[in-house]
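Visitor: Residue strings, one per chain:
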Amino acid sequence: DGGITQSPKYLFRKEGQNVTLSCEQNLNHDAMYWYRQDPGQGLRLIYYSQIVNDFQKGDIAEGYSVSREKKESFPLTVTSAQKNPTAFYLCASRDKTNYGYTFGSGTRLTVV
Amino acid sequence: GQSLEQPSEVTAVEGAIVQINCTYQTSGFYGLSWYQQHDGGAPTFLSYNALDGLEETGRFSSFLSRSDSYGYLLLQELQMKDSASYFCAVSFDQTGANNLFFGTGTRLTVIP
Numbered sequence: 001d002g003g004i005t006q007s008p009k010y011l012f013r014k015e016g017q018n019v020t021l022s023c024e025q026n027l028n029h030d031a032m033y034w035y036r037q038d039p040g041q042g043l044r045l046i047y048y049s050q051i052v053n054d055f056q057k058g059d060i061a062e063g064y065s066v067s068r069e070k071k072e073s074f075p076l077t078v079t080s081a082q083k084n085p086t087a088f089y090l091c092a093s094r095d096k097t098n099y100g101y102t103f104g105s106g107t108r109l110t111v112v
Numbered sequence: 001g002q003s004l005e006q007p008s009e010v011t012a013v014e015g016a017i018v019q020i021n022c023t024y025q026t027s028g029f030y031g032l033s034w035y036q037q038h039d040g041g042a043p044t045f046l047s048y049n050a051l052d053g054l055e056e057t058g059r060f061s062s063f064l065s066r067s068d069s070y071g072y073l074l075l076q077e078l079q080m081k082d083s084a085s086y087f088c089a090v091s092f093d094q095t096g097a098n099n100l101f102f103g104t105g106t107r108l109t110v111i112p
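Chains as they are written, first to last, in the working numbering: chain A, 1 to 112; chain B, 1 to 112.
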């Protein structure tokens, strides 16, 4: 079955370390997105990509970086410059003919 | 800035009908989406309204009034499994990326 896979589900890192979250989709979707969710909050857009080798900053891109070398993959790196990285990170993709996003199951990052 | 307002919590009885409202103030508007998210899970797409009126999908319906900057999600014949958070989201990006701006969510609790 097609879908989006995020790994790992839980991630612990020490403060000051960079960490990369994986997002892979086999839906053949062109657009991919990264959102951050804090407890009791909505989702906030970090980065998005409409095609391979192209991506744009979202509303809260500071302290994050991404790459889109393959259509299937859109990894997110949380850098040491991100002041408050502990959060639930959600990756999503969308077929350009549809409005609905398909989300992965998320990665819960805890920085200690 | 952009803002979406929805009630933080709603409680309803199993078998009843519940309406979750969403009002928005955004710099542009292309459509209103609704997503369901169970605790710790991935958001799932429920509906999308670009034009005024009611869209029905099984037990769920969604309404939009562009002139009032208002929409709602209607859940009928409530079931215990409908207990979840529900997010409205506005598409206002003009690049065609269909980036979504999410509200903070309404936590629905269905009681027996």
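If you are wondering where the hints come from, they were derived from the structure by calculation, not from laboratory data.
All C-beta atoms in this analysis are idealised placements derived from N, C-alpha and C, irrespective of residue type, glycine included.
Don't take each hint at face value.
[Said to hold, decoys possible] Negatives, chain B to chain A, calculated, CB over 10 Å: (1) E14; (2) G15; (3) F29; (4) D52; (5) G53; (6) F60; (7) S61; (8) Q76; (9) M80; (10) N99; (11) G103; (12) T104; (13) P112.
[Said to hold, decoys possible] If you only want the chain B side, here are some residues facing chain A, beta carbon under 7 Å, derived: (14) Y30; (15) A42; (16) F45; (17) Y48; (18) F102; (19) G105.
Visitor: Compare the structure with the hints numbered earlier in the document and write down the numbers of the violated ones, lowest to highest.
Guide: Violated hints (numbers, rising): 10, 11, 12, 14; every other hint is consistent with the structure.
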